[in-house]
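K.L.:
Residue numbers (this note's numbering), protein chains in the order written: chain A, 12 to 316; chain B, 6 to 384; chain C, 78 to 546.
A hint or two may mislead.
DSS-like, lysine-lysine: derived pairs with alpha carbons at most 30 Å apart [unchecked claim]:
hint, chain 1, residue 1, chain 2, residue 2
1, B, Lys304, A, Lys166
2, B, Lys286, A, Lys31
3, B, Lys150, B, Lys47
Covered stretches of chain C, as calculated for chain B (at least 3 residues, CB under 8 Å) [stated by the list, open to error]:
hint, region
4, 225-236
5, 388-398
6, 450-461
Worth flagging that the hints you see were computed from the coordinates, not collected in a lab. Cβ coordinates follow ideal geometry from the N, Cα and C atoms, glycine included.
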Amino acid sequence: MANLLDRAVESFKRVGEGLKTVFMHSFREPTTQEYPEKIQDLAPHFRGRLALAVNPDTGDHLCISCRQCERVCPDKCIEITAHKSPETNKLELIDFKIDHGLCMFCGLCTEVCPTTCIINTNDFEMADYSRESLIYDIKRLTLTQDESTYYFDKKELPRPKPKAAAKPAAAAGAAGAAAKSAAAGGDAAAKAAAAKAAAAKAAAAKAAAAKAAAAKTDDGETKAEPKAESKSEEKAAEPKADAEAAKKDVVEAKTEDITAEPKADAEAAKKDVVEAKTEDKAAEAPEKDAKKDVKEAKADEKDPE
Amino acid sequence: MSTEIKSTELKTDEMIINMGPQHPATHGVLRMLLTLDGEFVKHAEPVIGHLHRAQEWQGQNRTWFQYQALIDRVDYLSGMFTSWAMARSCEVLDECEVPERAEYLRVMVSEMNRISSHLLWLGTYLIDLGAMFGFPFYPFREREKLLDLFEEIAGQRMMFNYIRIGGVQRAPNDAWLKRLKAFTEEFEDRVDEYEAIVTENPIFLKRTKEIGILPLSLAKQYGVTGPSIRASGTDMDLRKTKPYSVYPKLEFDVHWLDKPEGGDTWDRYILRIREMRESNKIIKQCLDMLPTEGELSGKKQNAGLRVKAGEAFSSVESPRGILGCYVISDGKDKAIRFRWRNPSFCNLSVLSELLVGSPIADIMAIFGSVDVILPDVDR
Amino acid sequence: MNAAEIYKLSRLAIFWLSVTFGAVWVACWGVGVFIPSLITGKMPFLLQVDNPSTTVVFIADLLRSLTPILSLLVFIPINAMFMVLFERRSLALFTVRMGPNRHGFDGLAQTAADAVKLLFKEDITPRGADAFMFTLAPIIFFAPSIFGALPLLAAVTNNHDLFKVANLPTGIFYILAAASIPVVALVMAGWASNNKYSLVGGLRSAAQAISYEIPLVLSLVTMCLLAGTLDVVEIVEQQKGGILNWNILGGGALSGYDKLAPYWLNLVDTSFDTSAMFGQFYPVPWLSSIMAFVLVICTVLLFGLYLTGACAEINRIPFDLPEAESELVSGYNTEYSGIKFAIFFLAEFTNLFVVSSIATVMFLGGGDNPIPKWILDRLPLEPISNALGSLLSPLIKDLMFIDPATFWAAFWVIVKVYSIVFFAILVRGTLPRFRIDQLMDFGWKRLIPLALILFVVVVFARTWVVCHG
Ligand code: SF4
Ligand code: SF4
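Use the sequences and the hints to build the structure in full.
P.N.:
Below is the structure:
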């Protein structure tokens with residue numbers, strides 16, 4: 012009987028201790044995050060959506076069509092289309108497709124790439140309505156110069172050397188391919204619109220920026236429209252003016268090269284595309300900054316609560 | 006009217022119940038064919054294979070470099086150990102030296118992985134026992150911190166691909182080490198909290214004491230390993246009995262219970278709790294002893310990774326027991342044969358004996374306590 | 078310090094409770110006071126009739142008599158909505174999360190959204206199920222929590238005129254009878270579902286309810302013995318005057334101390350001879366004092382016993398075996414979906430509320446203020462109550478608003494009931510569940526003997542002390 016009482020008292024004590032421990036937890040700060048509003052700053056090496064970087068300094072596409080990534084991929088989800096340009100005898104990248112529905116994000120492709128062209132971004136919000144839309148083509152894969160800079164800095168990757176003679180041809184090739192796929196992809200325009208809507212939310216800033224960048228060559232003017240305000244405001248304060256000028260120079264040089272090319276099919280179209288690209292690129296940085304500001308302002312607002 | 010009642014005894018029918026593969030408490034897709042006599046199990050048969058992904062076959066059809074990235078999926082709660090087992094077999098074949106820094110990092114991340122695996126087990130085990138709404142969140146909170154650390158060093162939260170043949174993939178930076186240090190410091194307190202809620206809780210004691218008793222002989226027959234067998238009276242832990250890597254340089258205890266007549270589910274629970282504390286100690290030591298400079302890998306990591314011809318078997322002590330990898334290589338880009346020795350498979354097989362005679366309500370308590378993870382069983 | 082989340086939770090509670098009581102008040106006042114007065118021409122400022130016809134008077138009476146049930150019909154769904162949210166948010170607090178905070182203003186509308194979602198779900202009747210029983214089960218499960226709670230209404234509203242009719246001289250007996258009906262529904266649900274897990278769940282719930290009803294009833298019977306009545310209104314009436322009079326502290330064994338405390342503490346006329354009065358309450362001073370404290374211990378234990386039994390009765394953790402998710406895949410409600418599931422869900426929370434209200438009425442003094450009267454009298458509350466009174470008196474007089482006494486009674490009941498609910502949630506967040514045979518063991522071998530022992534001790538002890546009864 013005494014034993015029973017002892018045990019009962021002991022049990023009560025234990026249960027009480029447990030209840031107290033659980034109750035005291037209610038005075039701790041929550042450890043969870045309110046996801047779409049607050050996105051955790053992901054680690055630089057996080058293996059998210061794959062993307063193709065451009066040279067952060069010059070804006071050249073880094074891929075040299077060596078197909079190493081295609082070969083190493085365990086899931087065979089990379090498909091590269093390239094051809095040997097008859098003039099320069101160099102490989103020209105025509106299209107680059109990654110099926111993110113197949114990809115297991117092992118990052119092997121990024122490890123073998125000799126030019127650090129293919130990289131894992133921090134974007135993980137890639138849900139989509141169909142399997143087909145998970146197949147990213149070169150347009151959706153290629154990062155803008157600023158994004159490339161961001162990832163190169165974040166991952167502490169060595170800056171690639173600017174390309175020498177082969178540069179113009181490759182760039183033109185890439186642009187040409189981009190123009191082609193732009194003409195083909197009707198849904199890409201829809202995507203861009205969706206990206207714009209998402210961009211209105213500061214929460215989705217990063218992902219939207221990536222998507223908007225992918226849809227860049229489509230239609231420079233409509234894209235620029237809704238953000239005109241923030242752009243112009245930020246531009247005034249942007250100390251990057253000289254860099255911009257420099258970039259423009261480079262592209263002008265490029266376009267000259269193109270005109271000098273003997274193979275003169277659809278020259279004008281290409282030129283347009285490239286110009287549109289430069290315009291948008293220049294506008295990209297301040298736009299991103301503005302978004303960041305909005306995000307911070309939001310965070311400030313929330314704090315006093 | 007020739008019928009006569011032969012026996013006056015009341016006969017009851019047996020009932021066959023399919024527990025799983027979609028039962029909420031089978032942790033994946035285990036199907037358990039139970040023959041019940043009333044509430045008691047007369048016969049139990051785990052039906053496995055619902056999650057078979059041909060992991061061994063895939064190993065023979067992928068290059069070494071590619072397969073490394075895949076094997077984390079064999080036991081997704083302790084991917085570091087599968088990588089490590091494979092890396093060790095290949096290193097034996099290849100006679101390549103693993104740099105000391107890499108060894109320390111391997112031990113560090115593996116022990117982190119052991120903690121995270123045990124934490125998940127702890128949370129889900131309490132869910133099995135019915136404490137569904139409060140407690141399980143606490144271990145998951147700590148596990149989340151570890152996963153964040155993994156994410157930073159390996160690139161992903163569960164599919165690490167961090168331990169490579171010859172070394173490791175990436176060196177941690179100072180901020181990472183600092184975060185890990187902070188974690189190890191607060192972790193002891195957290196375990197104390199878990200224990201305050203669970204260990205001596207009268208209902209928990211009632212649910213776990215004296216059930217699922219696994220005698221040593223039976224455990225040996227079935228090849229049970231890990232904390233499950235250490236609760237039954239043997240101190241078999243590869244880290245001590247067959248030391249590998251830098252474990253001989255580290256100070257830690259292997260907890261076991263001298264109970265050859267058999268440990269019950271509570272014993273298996275308490276051993277895991279103690280093991281977490283030990284692992285925490287090991288991580289602390291590793292943090293102090295980790296060389297700040299040095300090679301990370303004794304072998305070049307690229308698509309042309311080759312392993313010399315020959316065959317080798319080596320094993321590591323995973324959170325669930327002995328995890329072994331047997332490999333035959335002919336020196337070409339792909340292995341000829343891979344064979345895994347998975348602890349979960351053996352731990353699961355013993356269930357068919359362990360469950361007999363226990364009421365339905367104990368099935369989950371016993372099943373949870375041997376810590377089986379289904380992809381590890383089916384591969 | 079997690080001030081933000083705690084603040085949010087309390088804000089949410091205040092909002093929901095105001096909504097609940099606002100709705101109940103509007104319904105009761107409208108149907109019970111306004112319309113009857115209007116049609117019989119008794120409403121001030123409005124159409125006055127001297128001799129209303131008998132039909133009109135009859136209708137007015139009918140409306141008045143319908144008020145109690147109407148108030149419950151309004152109260153229970155809204156309150157259950159809040160309770161679900163309260164439970165989820167509190168569990169989130171315990172588990173260092175945030176809990177549902179998306180729908181509506183900071184999660185206010187979460188349960189409403191869930192309810193709407195459930196309404197639109199497909200209502201599935203499994204093949205081979207007994208469709209009639211399958212449909213009937215949730216209704217039978219839910220109904221007792223409405224009509225069973227009726228007698229409590231008068232007790233928790235300070236015996237308000239409108240709710241007097243719902244009172245019964247054998248109130249507690251009636252409530253217990255009603256509370257044992259839901260188990261039939263659970264067996265029905267388990268049987269009709271044509272699912273082995275459901276069947277086991279249903280049978281388990283029957284076994285469990287039968288076993289745990291005994292300690293539950295024994296503890297309440299003991300309390301009735303101390304109170305000397307089965308009438309809940311009277312039980313609440315007896316406990317008035319502060320915490321020392323409450324049943325949880327000896328069922329009135331301490332009310333002598335309560336009465337004498339002001340004299341001993343020199344708060345009133347010191348020339349008064351207290352020993353005579355002491356003798357009135359405690360006939361054999363030393364023995365009676367000891368017995369008074371024995372009674373206090375007994376009643377505290379009985380309270381614990383009641384809570385345990387009630388937890389088992391309504392299938393809360395650690396006694397949630399009939400729906401043990403990890404064993405029986407939700408047991409008796411495995412096969413239920415849509416609105417039927419919603420009713421089960423609603424009823425579970427309503428049951429929790431009802432058993433907490435019974436505990437409040439039987440043990441915690443109903444709507445009584447916990448501060449002893451002699452302290453309350455000395456607090457400078459008069460100006461405040463005067464001001465409030467002058468503010469409200471025209472409303473009370475002219476529009477026949479509910480008087481402040483009723484309001485405060487309801488207020489304290491809610492505070493007490495939600496304290497018990499909060500404790501139940503805390504238990505839910507901590508304890509694992511029993512095994513079925515251990516549950517039976519615990520019920521039959523521990524709780525029932527304990528209840529019987531307490532019963533005997535109380536019977537013995539109360540012969541030496543003047544209790545409420
Ligand atoms: S991450 Fe892995 S699976 Fe995905 S594309 Fe690269 S190599 Fe292929
Ligand atoms: S992305 Fe890299 S690895 Fe792949 S083809 Fe281009 S340069 Fe080669």
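K.L.:
Now, for every hint given, state plainly whether the structure supports it.
P.N.:
Against the structure, the hints come out as follows:
Restraint check: the Cα-Cα separation between lysine 304 of chain B and lysine 166 of chain A comes to about 23 Å, which is no more than 30 Å; the hinted pair holds. Our distance criterion of 30 Å between C-alpha atoms is met by lysine 286 of chain B and lysine 31 of chain A, whose separation comes to about 28 Å. For a cut-off of 30 Å, the pair hint linking lysine 150 of chain B to lysine 47 of chain B is broken: about 43 Å separates their Cα positions. With a threshold of 8 Å between beta carbons, the proposed coverage of the region 225-236 of chain C by chain B is violated, since 0 of its residues qualify and at least three are required.
For the region 388-398 of chain C, the assignment as covered by chain B holds, since 4 residues bring a beta-carbon within under 8 Å of that chain's beta-carbons and 3 suffice. Restraint check on the region 450-461 of chain C versus chain B: 0 residues with Cβ-Cβ distances below 8 Å, three needed, restraint violated.
In this structure, the hints that do not hold are numbers 3, 4, 6, in rising order.
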